[in-house]
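K.L.:
Residues per chain, in single letters:
There are 2 protein chains.
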Amino acid sequence: MDRYTDYSKRLDELRALLEKKDGTNLSKLLRRTNPVDIEEFISTLSAEDALLVFRLLKKDDAIEVFAELEQEDKEKIKTGLNDVEYSHLLDELDFDDMIDTLEEMPASVVQKILRNTDPEKRKKVNQYLKFPEDSAASLMTPEFVELKIGMTVKEALDTIKRIGHDKVTVYTCYVTDETKKLLGYVSLRNIVTNDMDTKISTLLYEDVITVNTSDDQEEVAHTFQKYGFTALPVIDKEKRLVGIITVDDIMWIIEQEATEDFQIMAATTPEEEEYSKMSAWDLAKNRIPWLMFLMISSAFTSTILRSYEAVIQSIIALNMFIPMLTDSGGNAGSQASTLVIRAMATKDVDLSDWAKVVWKECRVGLISGFFLALVGFLKCMFFDKVGLEISLIVAVTLLFVVVTAKIVGALLPMGAMKLGLDPAIMASPLITTIVDSLGLIVYFNIAQMFIAAAPL
Amino acid sequence: MDRYTDYSKRLDELRALLEKKDGTNLSKLLRRTNPVDIEEFISTLSAEDALLVFRLLKKDDAIEVFAELEQEDKEKIKTGLNDVEYSHLLDELDFDDMIDTLEEMPASVVQKILRNTDPEKRKKVNQYLKFPEDSAASLMTPEFVELKIGMTVKEALDTIKRIGHDKVTVYTCYVTDETKKLLGYVSLRNIVTNDMDTKISTLLYEDVITVNTSDDQEEVAHTFQKYGFTALPVIDKEKRLVGIITVDDIMWIIEQEATEDFQIMAATTPEEEEYSKMSAWDLAKNRIPWLMFLMISSAFTSTILRSYEAVIQSIIALNMFIPMLTDSGGNAGSQASTLVIRAMATKDVDLSDWAKVVWKECRVGLISGFFLALVGFLKCMFFDKVGLEISLIVAVTLLFVVVTAKIVGALLPMGAMKLGLDPAIMASPLITTIVDSLGLIVYFNIAQMFIAAAPL
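Top line first, the protein sequences correspond to chains A and B.
Okay, so the first sequence: first residue is 1 according to my numbering, each after it adds one.
Okay, so the second sequence: first residue is 1001 according to my numbering, each after it adds one.
In short, the hints are calculated from the structure, not lab data.
No experiment lies behind these values; they were computed from the predicted model shown.
Heads up, a few of these hints could be off.
Derived lysine to any residue pairs resembling SDA-like cross-links, with alpha carbons at most 20 Å apart [said to hold, decoys possible]:
{"no.": "1", "chain 1": "A", "residue 1": "Lys161", "chain 2": "B", "residue 2": "Asn1194"}
{"no.": "2", "chain 1": "A", "residue 1": "Lys28", "chain 2": "B", "residue 2": "Pro1142"}
{"no.": "3", "chain 1": "A", "residue 1": "Lys124", "chain 2": "A", "residue 2": "Lys154"}
{"no.": "4", "chain 1": "B", "residue 1": "Lys1239", "chain 2": "B", "residue 2": "Lys1161"}
{"no.": "5", "chain 1": "A", "residue 1": "Lys347", "chain 2": "B", "residue 2": "Asn1194"}
{"no.": "6", "chain 1": "A", "residue 1": "Lys161", "chain 2": "B", "residue 2": "Lys1199"}
{"no.": "7", "chain 1": "B", "residue 1": "Lys1347", "chain 2": "B", "residue 2": "Lys1239"}
{"no.": "8", "chain 1": "B", "residue 1": "Lys1226", "chain 2": "A", "residue 2": "Leu204"}
{"no.": "9", "chain 1": "A", "residue 1": "Lys226", "chain 2": "A", "residue 2": "Ile253"}
{"no.": "10", "chain 1": "B", "residue 1": "Lys1059", "chain 2": "A", "residue 2": "Lys347"}
{"no.": "11", "chain 1": "B", "residue 1": "Lys1285", "chain 2": "A", "residue 2": "Ile367"}
{"no.": "12", "chain 1": "A", "residue 1": "Lys161", "chain 2": "B", "residue 2": "Pro1142"}
{"no.": "13", "chain 1": "B", "residue 1": "Lys1161", "chain 2": "B", "residue 2": "Thr1179"}
{"no.": "14", "chain 1": "A", "residue 1": "Lys59", "chain 2": "B", "residue 2": "Gly1415"}
{"no.": "15", "chain 1": "A", "residue 1": "Lys161", "chain 2": "B", "residue 2": "Lys1239"}
Stretches of chain B that chain A covers, calculated by requiring three or more beta carbons in the stretch to come under 8 Å of a beta carbon on chain A [to be verified]:
{"no.": "16", "stretch": "1030–1039"}
{"no.": "17", "stretch": "1256–1265"}
Even for Gly, the Cβ is constructed at its ideal location relative to N, Cα and C.
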């Protein structure tokens, strides 16, 4: 038995057999290895070895492995096959995997491959290739089981037995009318747990949850999560059933959407590729515009500091607490904004809750600001020994900065959403820049008030 | 047909019928509404109305709705039922839903309820209640279909028809030997697409991917994602099959693990509850220790600034660029650390890649640092008009700070992982604090060198 924790051992075994050129045992072990792990194995090989291993696979595995391969590894295999072999291979793939493969190829190559495909399929392929990238349509496949409303359980089982091999799932079967409008679905569980002469119409579940071809993939993922389905039907504007989406394609979307939010919140343009696949140059290109924008925004603090130069020069000790004050503001704001952004992304909170959220953050700010101010005051008094006045100035500023940061951190992401922007852009870097400026102005004004009241 | 985008309209319809006390139509409409949406509806109602709606549901829906309800809404229903009714309801739940419900109750209530349960089930419940919270075991259910190796397709279908109603899935059926050791699985797809007299043993898939009872739920989620399964068998130390985990419970884990990382990266103790359900006091309690720790760490900058007071006082213009420099360092470091933390969380990068990652970030730092230094220099020269020397000091420091921030931002999360800590703690707030101190030291040292070479 192959436990998942042992899969790196399995890869070592495969590698050893390949080095020994022991084709017989390699082929045997490949038959006992999950296609996903074979894909990982092939991706580490040279073009020559990759092709050798690929040729050893039994047909079903070869198709599954090919579907899993990265584009560059697919190329390795492709160069070893002639055009006819290659278009046969593509033909055998699940429809959605074929589309994914074709999408990454130059249009000229796609047309050449499609020449060997029958006209009806070619038409469908061309239609799929045109769907927008993040839409429900781009995730769907036309390979679902369609049943007729008049069938019995026996007839349905016969149909599934006949056509089920080519379908991505047989566990949810869809029933449509003559215009392809969706009437409902029947689960295979219901089919096999009922008698052979039961009418499918009596098992039909009519209130189907569906998604539209144009829906965003994030919405689709939320629908899957909310209802716990393993497949969802996709309908077009005329409410005709055009395809289905299965849950295995959705788990990646949930992760990918979180990754995108992490990237935006770290002030980077979201990346198409995985981190490990990107060059230093491409990474830099996604980061520089944001760094530049934030640097220029934070230059506003220079102007503020310059205008208070006189105060600083007269009480130079004020200066030493600036980074501590701005950092604390930034941290307090980033806690609030991150939690609010995430709560909106997971649909825990929506725009209508804005007043509740701001009021909650305001109270959180008062509580945490109070403790920070207290500790800050004690530190200034007894550790830095800067005297009562400066310690008080620092403590009052800390309280103010933390409360402001919490409110700004809660308001801005919700404001961004209100304006139709991605709330994730209102994450710590931008919040920090804004809170820094506010904090400095307050700090020096409080200082000036103290000085006016009782010159230090 | 009930499109998911219309679900809020459906809730309004239900509410209107409830207000009119139109039980007949309310009951009809409830039959056409997904249990998940009914759960949302009930959660907005008073205890009295909730019970009224719950009583209108047909039995299967009632069970599903109850499983979905939040603890406080379950309480609303519970108060309206007597002990026997309530333990019957619990009995009808899927095993994992029952465990989830019992887990949130006081032990005394659980024991009282279990008194009405048969001894064997009670033993199993008690065993499940003891599994650690984030383990594979806590996600599993014993309600899977078990087949015998000697069966034919017909016998398997008969078994599934007989026992399938009570199982969380019938789509993957598990075959064990007499000691309960897992021999392999058969998919229902393979069963229904083969002839009635085919032996199950010929359809058996032996190289099963399994998880262990003690595996962390995050590992389990990754196994689901990697292989695209809808169910995974769970085995104990003796390799006996003890339960299965289904994909619908996993989609939440993927989201929850990302949320936990967001919280840690924003310097908050991860929260058990959703944001909207937490009080200001609890939120503050999770944030204060981190804010305090970071404030005290950043106090190190005060010591640095104090020790360079003489330099600042002689060239007060240096002072105005401090926030811009520290902010840029913080931003550059947070880009690197967030991307590296996320790449590790999604298994794109692991510890063995550390040298590659650091070298990549070093190059990213040089490229982005160069452009930032250039723009920073021009801004100092022509906008702030602080003269060539200070402009040069700022530019050189910017380059240094960005490169250092990138390297520190890449190294620290990997270091944390090496030490067995959660890499997410090495996110922007801590990186900012460290880079701030380094940046200030470099800034003033470069300044001193310039002053020594050519007094301003």
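K.L.:
For each hint, tell me whether it holds in the structure or not.
P.N.:
We went through each hint and held it up to the structure:
1. A:Lys161 with B:Asn1194: 7 Å, holds
2. A:Lys28 with B:Pro1142: At roughly 34 Å apart (the allowed maximum being 20 Å), Pro1142 (chain B) and Lys28 (chain A) break the hint.
3. A:Lys124 with A:Lys154: 31 Å, violated
4. B:Lys1239 with B:Lys1161: The given pair, whose Cα atoms are some 28 Å apart, is violated under the 20 Å limit.
5. A:Lys347 with B:Asn1194: Judged against 20 Å, a Cα distance of about 44 Å means the pair is violated.
6. A:Lys161 with B:Lys1199: 16 Å, holds
7. B:Lys1347 with B:Lys1239: 27 Å, violated
8. B:Lys1226 with A:Leu204: 33 Å, violated
9. A:Lys226 with A:Ile253: 14 Å, holds
10. B:Lys1059 with A:Lys347: 30 Å, violated
11. B:Lys1285 with A:Ile367: 9 Å, holds
12. A:Lys161 with B:Pro1142: 29 Å, violated
13. B:Lys1161 with B:Thr1179: The hint is violated at about 25 Å.
14. A:Lys59 with B:Gly1415: Not satisfied, since the Cα-Cα distance of roughly 44 Å exceeds 20 Å.
15. A:Lys161 with B:Lys1239: 34 Å, violated
16. 1030–1039: holds (count 4)
17. 1256–1265: Coverage by chain A holds here, the residue count being 6 at a Cβ distance below 8 Å.
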